[in-house]
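Sequence order for the protein chains is D, X, S and L. Here this note's numbering is used: position 117 in the first sequence is 120, and no number is missing along the way. Here this note's numbering is used: position 105 in the second sequence is 108, and no number is missing along the way. Here this note's numbering is used: position 151 in the third sequence is 154, and no number is missing along the way. Here this note's numbering is used: position 73 in the fourth sequence is 76, and no number is missing along the way.
Hints are computed from structural coordinates only; laboratory data are not their basis. Some hints here could point you the wrong way.
List of simulated lysine to aspartate or glutamate pairs, EDC-like, C-alpha gap at most 16 Å [what the hints assert, rightly or not]: (1) 77(X) / 174(S); (2) 214(X) / 244(X); (3) 77(D) / 267(X); (4) 123(D) / 221(X).
4 protein chains.
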Amino acid sequence: MSKHVLAQNQYGKAENRIVRIARRGGEDGAWHEIRDLNVSVALRGEYRDVHLTGDNGNCLPTDTTKNTVYAFAKEHGVTSPEAFAILLAKHFVTSQPVIREAQIRVEEFAWERIPVPTRKEQHSFVRQGQEVRTAQVTYSETTGLQVLSGLKELTVMNSTNSEFHGFIKDEYTTLQEAYDRILATKVTARWANSATAAADPEHDWDGSYRKARRHMLEAFAETYSYSLQQTLHAMACRVLDHVPTVNEVRLNLPNKHHFLVDLEPFGLKNDNEVYFAADRMYGLIEGTVHRDGVQPVIATSDWITA
Amino acid sequence: MSKHVLAQNQYGKAENRIVRIARRGGEDGAWHEIRDLNVSVALRGEYRDVHLTGDNGNCLPTDTTKNTVYAFAKEHGVTSPEAFAILLAKHFVTSQPVIREAQIRVEEFAWERIPVPTRKEQHSFVRQGQEVRTAQVTYSETTGLQVLSGLKELTVMNSTNSEFHGFIKDEYTTLQEAYDRILATKVTARWANSATAAADPEHDWDGSYRKARRHMLEAFAETYSYSLQQTLHAMACRVLDHVPTVNEVRLNLPNKHHFLVDLEPFGLKNDNEVYFAADRMYGLIEGTVHRDGVQPVIATSDWITA
Amino acid sequence: MSKHVLAQNQYGKAENRIVRIARRGGEDGAWHEIRDLNVSVALRGEYRDVHLTGDNGNCLPTDTTKNTVYAFAKEHGVTSPEAFAILLAKHFVTSQPVIREAQIRVEEFAWERIPVPTRKEQHSFVRQGQEVRTAQVTYSETTGLQVLSGLKELTVMNSTNSEFHGFIKDEYTTLQEAYDRILATKVTARWANSATAAADPEHDWDGSYRKARRHMLEAFAETYSYSLQQTLHAMACRVLDHVPTVNEVRLNLPNKHHFLVDLEPFGLKNDNEVYFAADRMYGLIEGTVHRDGVQPVIATSDWITA
Amino acid sequence: MSKHVLAQNQYGKAENRIVRIARRGGEDGAWHEIRDLNVSVALRGEYRDVHLTGDNGNCLPTDTTKNTVYAFAKEHGVTSPEAFAILLAKHFVTSQPVIREAQIRVEEFAWERIPVPTRKEQHSFVRQGQEVRTAQVTYSETTGLQVLSGLKELTVMNSTNSEFHGFIKDEYTTLQEAYDRILATKVTARWANSATAAADPEHDWDGSYRKARRHMLEAFAETYSYSLQQTLHAMACRVLDHVPTVNEVRLNLPNKHHFLVDLEPFGLKNDNEVYFAADRMYGLIEGTVHRDGVQPVIATSDWITA
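Turn these sequences into a full structure, and let the hints steer you where they fit.
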């Protein structure tokens with residue numbers, strides 16, 4: 004088998020589900036904060052032997068990477084997905100010579116408090132469902148630290164102020180031009196943070212997340228849209244305009260089609276009131292926008308190198 | 004085949020996804036309200052021929068039931084899942100003699116507005132993810148109207164104020180007694196509304212939904228729990244106490260286990276701070292509570308009659 | 004809260020995932036058989052105290068019910084989902100006076116062998132994906148044993164020999180009559196076994212499963228269909244005709260619509276060749292057929308009592 | 004917004020579900036063949052205007068790309084996922100100057116015949132569930148054609164012949180060495196086909212798929228494993244050894260943990276017989292193996308460029 008070459012490889016424990024409770028004082032110590040994470044670890048390095056002969060002498064078990072996640076949550080707390088992932092990525096690379104690069108991916112599920120008027124202690128929560136926050140941190144011996152942030156499953160809709168016309172008509176085109184349509188999408192967004200932010204131990208990751216999220220939502224709502232591409236571009240630019248530590252934004256926007264139902268056969272006029280919300284097929288619009296002079300780093304496809 | 008008997012049967016179009024936009028005035032007519040529903044229709048009646056010989060003379064096509072859903076949304080609007088389902092159920096039974104009973108099930112997905120400070124028009128929305136509202140309306144020629152309401156996928160957590168001990172120990176018991184644990188569950192709730200409420204064309208279904216939801220959440224948060232059963236009972240009773248038009252509540256509460264991670268091997272003390280959130284297996288606690296003197300009607304199992 | 008009545012309730016550990024390996028000899032003991040199950044336990048009985056006061060004195064922990072599943076797999080093996088569930092259900096009811104009834108639900112995932120021509124030992128498997136086998140066993144102190152078997156997620160298609168016409172046309176009907184259509188469905192089937200079969204410790208559950216499955220498939224393929232209801236009836240009758248220990252069959256058949264794509268705009272004739280496979284909405288046809296003289300027991304709806 | 008740069012972008016219709024029926028003669032023309040596909044289109048090119056101003060003059064609607072998929076299925080048939088995707092990719096790039104590159108992704112769902120002894124016509128099918136076949140074809144004006152093939156959701160298990168020991172022990176390591184464990188994984192495989200195969204209109208894509216699949220399964224079954232990495236490497240090499248038109252293989256192998264259940268508390272010895280099949284967390288092993296002298300092209304991560 005020596006004629007075959009082992010190329011990129013990585014391994015680790017994926018989807019470590021962790022809930023971290025912190026007590027923030029209060030008169031009886033019962034003011035709780037929670038962070039609810041799904042943490043995945045991938046290690047890259049010198050793993051030729053384990054692949055070719057099953058010699059595990061260079062292999063830190065995936066079980067150990069899991070233990071490290073839980074132990075670090077206790078030792079260091081979870082101040083943000085990004086900060087927690089940076090700690091983990093650096094630990095793996097610096098603790099074992101064989102590990103040259105570590106990538107930590109985090110999903111965070113948000114909770115809000117259940118208001119309980121009758122007491123001061125606060126330790127009851129209801130899970131928010133609007134979106135999942137994401138982070139991906141890569142730390143490499145040679146190229147240093149890279150921090151991506153993002154979100155997914157944020158579903159938004161404009162019930163008007165969207166048109167689509169003036170497009171190419173070829174022999175397979177039957178689409179009618181639209182002058183007032185619903186525009187709905189489920190946002191997946193990733194953004195690359197500057198090296199300065201990544202290196203700053205005081206960087207406010209929660210704050211920059213909230214800002215990026217808010218400005219994307221506002222740009223979606225405020226843009227009178229002639230195409231979903233235009234809306235995508237506006238959303239990405241708005242984040243770059245308002246969050247100075249973000250250098251690059253990539254958006255993946257499925258066009259969640261809402262088709263106006265034909266009610267003519269029943270003697271009814273459908274004046275943009277009744278829509279069928281379709282599952283599949285759907286348009287899929289993807290794009291990257293970055294600051295001038297910056298090299299884009301976010302992967303552009305989930306299958307193939309460009 | 005005449006020796007076999009056709010028993011209960013039903014048919015209809017399931018999962019009709021419908022978005023209904025209403026314009027509520029504003030200076031430019033651009034204050035939009037949306038209702039986002041998934042509507043399923045089941046018809047019951049005299050369908051022996053279609054089963055035995057494929058004679059469709061008594062069969063209203065499922066496609067027609069779908070058309071009816073969309074046409075009714077235009078003609079009557081959607082003031083609430085329950086009110087919309089009542090209209091549909093009555094229509095099917097009264098419009099075709101062969102249809103003796105109709106059951107309409109609705110899921111409703113909630114949206115909230117994206118705040119847009121720069122304009123007065125409001126037609127931008129972000130989907131809430133906390134829970135799905137449900138309704139089930141059955142209208143029968145002989146037994147009349149029955150309206151169930153409910154919700155599902157409402158995930159809640161108390162990070163303390165939960166214990167579990169004093170239980171039976173048999174030869175297969177290894178569980179340690181717990182004096183401070185996380186209690187988390189994903190609530191599925193159904194409640195039966197009184198005949199009076201069902202018959203009242205002015206009944207405020209959105210209002211009673213909000214009240215039931217709020218009191219379940221508060222009961223979950225305020226109950227110092229010695230078992231999930233006790234919490235279930237408190238939640239159901241609270242709804243009965245506060246929503247006079249509800250006669251019966253059934254809850255399905257998976258115990259979403261959060262296991263305290265053993266950090267002793269790493270020289271760390273885990274003082275109820277770091278938990279592993281498990282997927283499966285899970286405890287599953289189900290129960291019905293109803294007003295005295297009322298006959299329970301909500302099905303108790305999804306597979307078998309009692 | 005004494006004015007409210009606790010009605011039907013049950014609890015137990017759900018979705019215990021278990022793989023049981025058995026070595027069936029061979030020259031080196033390496034002929035392995037596997038059973039891969041998902042087992043859920045529900046206990047019913049005298050649980051008033053645990054609900055009203057949190058007194059767990061009558062409560063066998065759900066964790067113990069999980070341990071029992073695993074211990075029984077070792078002690079008794081898994082000869083079939085039904086036989087294993089019968090053992091468990093009887094154990095719970097007979098071992099604790101407070102438990103009056105136990106219901107065990109099982110899903111079984113099938114595996115087939117990976118052919119390895121180079122060796123005699125057989126311990127390599129690939130998971131089959133066609134369907135999930137199901138069983139539900141209820142054992143009650145008062146009413147004894149009830150055994151349901153079934154399957155789900157068995158997707159089938161006839162690419163011709165299906166028509167649909169002659170149906171009711173009302174004011175909301177736009178459907179065209181069809182004289183040659185695809186008929187596709189994802190079968191969920193449950194069947195009730197006779198008390199004799201349930202009581203017979205030698206009953207061949209795997210054999211009756213294979214027979215029921217085969218005859219449903221053949222009936223689906225051989226029936227020239229004028230409605231999915233007719234096909235449903237034929238499938239149920241065929242099982243009753245060929246499996247004498249089955250008394251009742253209930254089928255849940257979503258009509259997985261395949262719409263003929265209109266290719267006329269492109270100058271192409273679509274002679275039943277190119278279809279769009281839709282996700283939602285879908286027709287949903289459900290029905291029970293039983294032997295004459297038998298009382299049907301399979302639940303007819305997942306939400307509400309009839 | 005001129006200070007921001009639009010970088011990689013693409014768009015098209017995703018998840019076009021298509022069933023293509025072909026009649027292969029037989030005495031009455033009723034021998035049917037089916038191909039059941041999920042086809043996604045992504046177009047890349049000169050789309051600056053549509054993003055910056057919403058001018059759609061360069062934009063072929065995603066709806067048109069959908070129509071093209073269905074029309075091509077009629078005009079050209081579907082001889083294999085790869086061949087169909089090549090036709091589509093070339094069409095888009097050659098038909099519109101603005102489109103510089105097209106990527107077509109296909110999932111194929113397999114069906115097998117329902118045996119019907121009583122007739123010669125064959126048009127009844129049951130869907131196989133073992134795996135989904137995948138293909139991805141990229142055609143670029145400048146770099147030409149690239150064809151990836153693959154599969155996903157192929158779940159396999161060895162119930163013995165797997166060990167794991169000799170690994171690094173650091174301060175967070177608690178894992179015990181294992182000398183006989185279950186090895187189970189759900190295979191996602193992608194392989195890159197040679198330019199020669201891609202350019203050959205007669206290439207037997209179905210044949211090379213079957214060969215790659217068979218040899219991966221055999222390598223999994225026959226490899227006595229000291230690590231999942233070793234098994235991964237053996238599987239990839241086996242494909243390269245037996246399928247000469249494949250240049251590169253990438254595997255994504257989650258380690259589906261089966262934990263031996265501790266039955267000691269119940270006085271039972273668990274001699275590798277009873278396992279708990281866990282959902283999450285899981286080890287995740289990924290790697291690429293390619294022929295010497297070949298440049299790897301399959302993306303190594305779904306989030307970030309290396």
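Status of each hint after checking the structure:
no., hint, in the structure
1, 77(X) / 174(S), "holds, 15 Å"
2, 214(X) / 244(X), "holds, 11 Å"
3, 77(D) / 267(X), "holds, 11 Å"
4, 123(D) / 221(X), "holds, 14 Å"
Violated hints are absent here; each numbered hint is respected by the structure.
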